[in-house]
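Protein chains: 2
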Amino acid sequence: MTNAATFFKYKQLYKSELLENIIPFWEKHSIDRVNGGYFNCLDRDGSIYDRRKNVWLQGRQVWMFSRLYNTVEKRPEWLEIARLGAEFLKKHAIRPDRRVYFSVTETGAPLGMQRKIFSECFYVMAMAEYARASGEQRWMDEATLELEKIWQWSSDLTKVGRPSFAGEPAAQSLAIPMILLNLLEVVAGDNLKKYEAEARECIRRMLLHVHTDQETVFEMVAPDGAFIDTIEGRTLNPGHAIEAGWFLLHWAQYLNNPQLAETAQNMVRWSFARGWDKEHGGILYFLDSRGYSPSQLEWPMKLWWPHVEALYAHLLNYSVSKRADDWAAFEKTHEYTFKHFPDRTHGEWFGYLDREGKVSQRFKGGPYKGCFHIPRALWLCWRLFEKLEKV
Amino acid sequence: MTNAATFFKYKQLYKSELLENIIPFWEKHSIDRVNGGYFNCLDRDGSIYDRRKNVWLQGRQVWMFSRLYNTVEKRPEWLEIARLGAEFLKKHAIRPDRRVYFSVTETGAPLGMQRKIFSECFYVMAMAEYARASGEQRWMDEATLELEKIWQWSSDLTKVGRPSFAGEPAAQSLAIPMILLNLLEVVAGDNLKKYEAEARECIRRMLLHVHTDQETVFEMVAPDGAFIDTIEGRTLNPGHAIEAGWFLLHWAQYLNNPQLAETAQNMVRWSFARGWDKEHGGILYFLDSRGYSPSQLEWPMKLWWPHVEALYAHLLNYSVSKRADDWAAFEKTHEYTFKHFPDRTHGEWFGYLDREGKVSQRFKGGPYKGCFHIPRALWLCWRLFEKLEKV
Chain Y
11 MTNAATFFKY KQLYKSELLE NIIPFWEKHS IDRVNGGYFN CLDRDGSIYD RRKNVWLQGR
71 QVWMFSRLYN TVEKRPEWLE IARLGAEFLK KHAIRPDRRV YFSVTETGAP LGMQRKIFSE
131 CFYVMAMAEY ARASGEQRWM DEATLELEKI WQWSSDLTKV GRPSFAGEPA AQSLAIPMIL
191 LNLLEVVAGD NLKKYEAEAR ECIRRMLLHV HTDQETVFEM VAPDGAFIDT IEGRTLNPGH
251 AIEAGWFLLH WAQYLNNPQL AETAQNMVRW SFARGWDKEH GGILYFLDSR GYSPSQLEWP
311 MKLWWPHVEA LYAHLLNYSV SKRADDWAAF EKTHEYTFKH FPDRTHGEWF GYLDREGKVS
371 QRFKGGPYKG CFHIPRALWL CWRLFEKLEK V
Chain C
11 MTNAATFFKY KQLYKSELLE NIIPFWEKHS IDRVNGGYFN CLDRDGSIYD RRKNVWLQGR
71 QVWMFSRLYN TVEKRPEWLE IARLGAEFLK KHAIRPDRRV YFSVTETGAP LGMQRKIFSE
131 CFYVMAMAEY ARASGEQRWM DEATLELEKI WQWSSDLTKV GRPSFAGEPA AQSLAIPMIL
191 LNLLEVVAGD NLKKYEAEAR ECIRRMLLHV HTDQETVFEM VAPDGAFIDT IEGRTLNPGH
251 AIEAGWFLLH WAQYLNNPQL AETAQNMVRW SFARGWDKEH GGILYFLDSR GYSPSQLEWP
311 MKLWWPHVEA LYAHLLNYSV SKRADDWAAF EKTHEYTFKH FPDRTHGEWF GYLDREGKVS
371 QRFKGGPYKG CFHIPRALWL CWRLFEKLEK V
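Protein chains in written order, with my numbering: chain Y, 11 to 401; chain C, 11 to 401.
Any given hint could turn out to be false.
Since the list gives no way to pick out one identical chain from another, each pair is judged satisfied if it fits inside one copy or across any two copies.
Said to hold, decoys possible - No farther apart than 30 Å at their CA atoms in a straight line, the calculated lysine-lysine pairs in the DSS-like style are these:
hint: 1; residue 1: Lys25; residue 2: Lys397
hint: 2; residue 1: Lys368; residue 2: Lys38
hint: 3; residue 1: Lys84; residue 2: Lys368
hint: 4; residue 1: Lys368; residue 2: Lys349
hint: 5; residue 1: Lys38; residue 2: Lys84
hint: 6; residue 1: Lys368; residue 2: Lys342
hint: 7; residue 1: Lys84; residue 2: Lys204
hint: 8; residue 1: Lys169; residue 2: Lys126
hint: 9; residue 1: Lys400; residue 2: Lys100
hint: 10; residue 1: Lys38; residue 2: Lys349
hint: 11; residue 1: Lys368; residue 2: Lys288
hint: 12; residue 1: Lys349; residue 2: Lys288
hint: 13; residue 1: Lys19; residue 2: Lys126
hint: 14; residue 1: Lys332; residue 2: Lys126
hint: 15; residue 1: Lys288; residue 2: Lys204
hint: 16; residue 1: Lys169; residue 2: Lys332
hint: 17; residue 1: Lys342; residue 2: Lys100
hint: 18; residue 1: Lys288; residue 2: Lys126
hint: 19; residue 1: Lys397; residue 2: Lys100
Keep in mind the hints are simulated off the structure, nothing from the lab. This structure is a prediction, so every number in the text was calculated from the model and none was measured.
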């Protein structure tokens, strides 16, 4: 039933889940008012089980609270929380050479650095959105300066220390153009035009991963888009491809390109069809495109983020296509997600379930789970239901 | 029932499993007679699903076939298989600076390098045992030369490119002194005296990880052995600590040190007691010493290697202690292992089961599973049953 009443019901549910369950958990347990930044290793009940600060999650939480402040309500406490993270990052996470640490201690001493560019990307997200929240231009200058560095590094990861070996097949990873495309949207804000040329380049590279004849989105392909018949070349990450789909659909809408929009929608539909576990429900974490056992030991697990990304991706598809199967995919994902992930005892959601849907890790925050995918998806869906309701 | 008839029955079973199931699988499917070396990514039926060659597994397979040749039977085909691997490694796996690649292509072009010393260790195991099989001194020279390099690197991993960060707590990992201790045994052969001083240093470092008051073996501790209250400091890997136990017991026997032998036995007993899954049986992969959820997503899985290492560790304990509980632990592990891991359809054993004991990965060989833990444990147990039978 897709009518205004249905959309209203969902809108209320997503809004209250965001504002009454998810956000209060992080407000209550994560904020470090002594050192700045956020504790992100939070046990089921919110208690801290490790005091490290993972930079991906620091940057994402700054973005989230800034975004809430900018789009939901001008609550001073949200701005203050965002400020605590933004200043911590600016002070402790970035090196003079503009590389950003992966993790730091409670007080900001460096703990680790990846030979990747993702810490840098989440640093930029934080700076850009906090610039709009604080109204201070210097944060936007910091964001655009770092974005330029990332853009240079992204075409050649040896620049961030990734070694290169003679036997490696030339390859490119979906993760890079995909996160850059989203980053351009975040930094551009209302002025997407500013980064249109860069976005078109990201889109070109992303489309190499979409093999329409096989209805498959590959994580790694040759520079010309050809299939690579190795463990990595056959790896599918359905949740990741679904997230890439909605990143792309946002830009397809801006570019007013229906063919690109159709491809973006298909990325979501195909990846969902492949990734859905027909036996136990939920979206499998990894698959091998030729049906071999994935080498990732965690391949059959059900993680929070593919499910919440699929919620918004299906809903966005439906908002564009009005197709019944897109709506059905949304409802199927919604039912699984709301049945299995929320913790009605201690608040927030579990992140890691086994194949059968039982909780495998009880913590609410860890080195890779923080205040990001769930609140972002709830917020995006809420806003989209609001639009759908009014149509 | 621990009598000669029981030991005879087990001896026959372990011997036939080794010589009629495990070894024929690798003889039939893994050997690359064109390029040398071994294919190690083998699907359930032995077919190759990736042609890369992982150096850990190349080195371990050379060691295994050389060991069979040296101790079981002088089969020319075993020597030839060992030669194919040893020459491939010598030609392709080691760099002029003595670092050893983690993986190479089918033809030997470099694919990857870890900032660790394990590839180097398995290279040494291969060279040393093949030296004894071939009777050619140059392979032993290669082994001892590389062992010296590893010894230098092992005290400071920044020498192999591991970065160091200001916020990291000073820490040492059990894996390093443990593998070195085993390596000294392998290289020394019948002349353990040769490396006694080095072994005593490894033992000193290993004992820092054994916290007797808590009956716990920690993977990572401070340089003085103190507990580190972080995710890594609380990490337990019961199978790893069990393997460390028998490595240590071998040296305790040589050193004729009953107190050290008792500690080694307790490492096995305590880790088994902690790691055994009381709900579903089998040994859990990772635990947190304070009961938090481990951050390793695969923590509840049942892997082949902790189980086969436990088989030999319990049996070795029993051979020393003659305690009924050590024998019971062996039989408990034996029952679980032989019920769940062997594949009676296509041969060899599965490597990765979910918590409930269902096969999670169907392949027989992958980037971390090759011809090593299972045949080594079967061979060690077979030989020990032979001794027990004669007592």
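Quick rundown of the hints versus the structure:
{"no.": "1", "hint": "Lys25 with Lys397", "result": "within (14 Å within a copy, 70 Å between copies)"}
{"no.": "2", "hint": "Lys368 with Lys38", "result": "within (26 Å within a copy, 40 Å between copies)"}
{"no.": "3", "hint": "Lys84 with Lys368", "result": "neither (38 Å within a copy, 52 Å between copies)"}
{"no.": "4", "hint": "Lys368 with Lys349", "result": "both (11 Å within a copy, 25 Å between copies)"}
{"no.": "5", "hint": "Lys38 with Lys84", "result": "within (19 Å within a copy, 69 Å between copies)"}
{"no.": "6", "hint": "Lys368 with Lys342", "result": "both (18 Å within a copy, 27 Å between copies)"}
{"no.": "7", "hint": "Lys84 with Lys204", "result": "within (27 Å within a copy, 73 Å between copies)"}
{"no.": "8", "hint": "Lys169 with Lys126", "result": "both (10 Å within a copy, 22 Å between copies)"}
{"no.": "9", "hint": "Lys400 with Lys100", "result": "neither (41 Å within a copy, 71 Å between copies)"}
{"no.": "10", "hint": "Lys38 with Lys349", "result": "within (24 Å within a copy, 48 Å between copies)"}
{"no.": "11", "hint": "Lys368 with Lys288", "result": "both (16 Å within a copy, 17 Å between copies)"}
{"no.": "12", "hint": "Lys349 with Lys288", "result": "both (17 Å within a copy, 28 Å between copies)"}
{"no.": "13", "hint": "Lys19 with Lys126", "result": "neither (41 Å within a copy, 54 Å between copies)"}
{"no.": "14", "hint": "Lys332 with Lys126", "result": "neither (39 Å within a copy, 53 Å between copies)"}
{"no.": "15", "hint": "Lys288 with Lys204", "result": "neither (43 Å within a copy, 60 Å between copies)"}
{"no.": "16", "hint": "Lys169 with Lys332", "result": "neither (45 Å within a copy, 59 Å between copies)"}
{"no.": "17", "hint": "Lys342 with Lys100", "result": "neither (41 Å within a copy, 55 Å between copies)"}
{"no.": "18", "hint": "Lys288 with Lys126", "result": "neither (34 Å within a copy, 40 Å between copies)"}
{"no.": "19", "hint": "Lys397 with Lys100", "result": "neither (36 Å within a copy, 66 Å between copies)"}
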